[in-house]
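Number of protein chains: 2
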Amino acid sequence: MTASPIPAVWTERHRLHDPGGEVWVGVPIPGTEVVARGDLIRDALAAAGFEIVPPAEHDPEHLHRLHHPAMVEYLRTAYDAWVAAGYPEEPGQDRVVPYVFPLPQAVADRPFRLPAAPSARAGVYTTDTTTLIGPGTYRAALAAADAALTAAELVLAGAPAAYAACRPPGHHAGRAFFGGSCYLNNAALAAQHLRDGGRGRVAVIDLDAHHGNGTQDIFYDRADILYASVHVDPGAGWFPHFVGYADEAGRGPGAGANRNRPVPPGCGDGPWLEAIGDLCAAAGACDALVVSLGVDGAAGDPESPLGISPAGFARAGEALARLGLPTVFVQEGGYDLERLGGLVVGTLTAFAGAHP
Amino acid sequence: MTASPIPAVWTERHRLHDPGGEVWVGVPIPGTEVVARGDLIRDALAAAGFEIVPPAEHDPEHLHRLHHPAMVEYLRTAYDAWVAAGYPEEPGQDRVVPYVFPLPQAVADRPFRLPAAPSARAGVYTTDTTTLIGPGTYRAALAAADAALTAAELVLAGAPAAYAACRPPGHHAGRAFFGGSCYLNNAALAAQHLRDGGRGRVAVIDLDAHHGNGTQDIFYDRADILYASVHVDPGAGWFPHFVGYADEAGRGPGAGANRNRPVPPGCGDGPWLEAIGDLCAAAGACDALVVSLGVDGAAGDPESPLGISPAGFARAGEALARLGLPTVFVQEGGYDLERLGGLVVGTLTAFAGAHP
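Residue numbers (numbering that gives the first Met the number 0), protein chains in the order written: chain A, 0 to 355; chain B, 0 to 355.
Isolated chain A, as found in the complex:
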């Protein structure tokens, strides 16, 4: 590749999603998945000479391939229903926040109905109180999905690689749940799009500091899409807490097509890159690659303790490039606003320099 040949799909529509903070253990906090992230990434890409491409719009019906239609409909309508119901609208509180949840042991084997109250409906699909829905959340999530689909289309049209600056991120969104600041699974949609475009087997390699429980959920039963993730060990107390362990390896036809490589807090570049090497080896037999490019593993990021250096991210980009696969990068996390843009550019540039 020549320098910076990777088209970067970006849209200002990400700004429509301004969660205005989150609620953690009952305490309203500012949150880290902020509007500035999307603009900082764009500015860094533009300054580095990347071509910025707008996404094409896609019919939301597309989402139903991977997400339950009822969840999509909920995301589309939740904010308006919330406001219509007259819930708290104090400053910073005009967002959909759940408070009651259908725990499996409380509803299992019982007749289950969607609750009537918007306050209770808010807990049906949301795993947590940190993933709020504001007036523009659904439209921004659609735009992020459009960006991922557009990047996949660029690759299907012949680009060796493309990058989608998705915001909000997506890898914690499963078939019928969302959480962890994610609403729709951009990376999963890109992978499915590559399959639909004729790629026989697709690998999703997830570099985000946290396990992509949504992507794992969506593809857990499938052999045609490998999900492979390196992330901070949930057993050490990290989100998504309930899944992301090494022994989750897929099910039925998907057995063996799910690979989790948890790494310990503070591991730094060495163990992280070794895990990525394993994930790349597993992806060798695939025909296309989606990279869930979270850069929140970086040293100094407020959301992870991994301590990966910028050079580590560049080495990761090179390792992915050596697979020689058509590659779609999809932005996930990364919350150190000082370093975010540089980490994304550095990873993509290293990839471009090493791609055959």
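Calculated directly from the structure, the hints in this document are not laboratory data.
Since we're looking at a predicted model, the values are computed, not measured.
Yeah, the Cβ is synthetic: ideal placement off N, Cα and C, and Gly gets one too.
Some hints could be false.
To be verified - FRET-style restraints, in silico, Cβ to Cβ:
id, chain 1, residue 1, chain 2, residue 2, range
1, A, V82, B, T76, 36 to 42 Å
2, A, R112, B, E273, 23 to 29 Å
3, B, R112, A, R14, 36 to 42 Å
4, A, G196, B, P264, 51 to 57 Å
5, A, G197, B, H63, 56 to 62 Å
6, A, G269, B, D58, 48 to 54 Å
Claimed, not checked - Going by beta-carbon spacing under 8 Å, a handful of chain A positions derived as facing chain B:
id, residue
7, V22
8, Y78
9, A80
10, V96
11, P114
12, A116
13, T126
Given chain A's structure and the hints, the job is docking chain B onto it.
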């Protein structure tokens, strides 16, 4: 019965549980299940001439008959683990509050582990963010269970009826979940105690304004304990939202031994008493009775729209008395601090006057 022959089991240990508010749709609010409730009930009973009896202490092992030992252990240790982990301790925030929950569709058929972080562990057994755990919550919940067990023992020893002034309440606590300001299921423990004491079949009639999803859960498969509840229709948007519908009738050996009579918001005395008549008819073949005596259905209560009058509660007490069964009353909700004590005394007095 002579006037006020019902012994009232009460302990000041309820004061150990001071939730200091709750979190509803992400907003910290004062809450209504306050310490004053327990003292107001006692004062009203004493003023009306009821004998106040302290509870006997019971080995917590007793709880394992109906509650999962892991949940009991969690309740015992959660606050200390929370403080040890250094979670927020700003005023009103030194309580265990969950933020992430193991939704069934997010963890079903996956390896499931108790999360390492206390912040995530807080969502494993709790259905909501309104049921906080403070330094004395477990001890107060134990004392409330002791009160219910003691009331059952008084009845087993020959008292026609006994009342347990339980606080915190219990009917939203299931085998392996707790919520709705409830931690341990006092009424279910009393019913089991009556069974263990030789009563062949026990009815639990639940007058609380909300469905007792915990009690239903605990006895859903059993034929020997009937659960029968009148409550505001969850389909109209009321807690516990996910269950409490009329077609939940028990399962397996318990089929037919669960009876829900939802009533509409604003129904007033007529439909409510008609439903209670149906529940009493269903309980006719039982050998003992536990009454989950919530008085939050009363007109003016901040937690329900039922609009029941004091005379309605008296009529309910008389209807229960006409069953002629040895009866254990267990306090559940009731949040109108002006009327709470009078409603409890009025119901018990009407019962005593009509009991054979």
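Hints versus structure:
1. At roughly 41 Å, the beta-carbon separation of V82 (chain A) and T76 (chain B) lies within the given 36 to 42 Å, and the hint holds.
2. Range check, R112 (chain A) to E273 (chain B): about 24 Å between beta-carbon atoms, so the 23 to 29 Å window is met.
3. At about 38 Å, the CB distance of R112 (chain B) to R14 (chain A) agrees with the hint of 36 to 42 Å.
4. Evaluation of the 51 to 57 Å hint for G196 (chain A) and P264 (chain B) yields a pass: the beta carbon distance comes to about 53 Å.
5. The supplied range of 56 to 62 Å is met by G197 (chain A) and H63 (chain B), whose beta-carbon atoms lie about 58 Å from each other.
6. Checking the proposed 48 to 54 Å range against G269 (chain A) and D58 (chain B) shows it holds: the Cβ atoms sit about 52 Å from each other.
7. This hint holds: V22 (chain A) has a C-beta 4 Å from the nearest C-beta of chain B, less than the 8 Å allowed.
8. For Y78 (chain A), the interface hint is violated, the least distance from its beta-carbon to any beta-carbon of chain B being 13 Å, above 8 Å.
9. At its closest, the beta carbon of A80 (chain A) sits 12 Å from a beta carbon of chain B; the interface hint therefore is violated under the 8 Å criterion.
10. Given the 8 Å rule on beta carbons, the hint for V96 (chain A) holds: about 3 Å separates it from the nearest Cβ of chain B.
11. Against a cut-off of 8 Å between C-beta atoms, the interface hint on P114 (chain A) holds, since the closest Cβ of chain B lies about 4 Å away.
12. With its C-beta approaching chain B no nearer than about 4 Å, A116 (chain A) sits inside the 8 Å limit, and its interface hint holds.
13. The interface hint given for T126 (chain A) is met, as the beta carbon of that residue sits about 5 Å from the closest beta carbon of chain B, less than 8 Å.
Checked against the numbered hints given earlier, the structure breaks hints 8 and 9 and satisfies all the rest.
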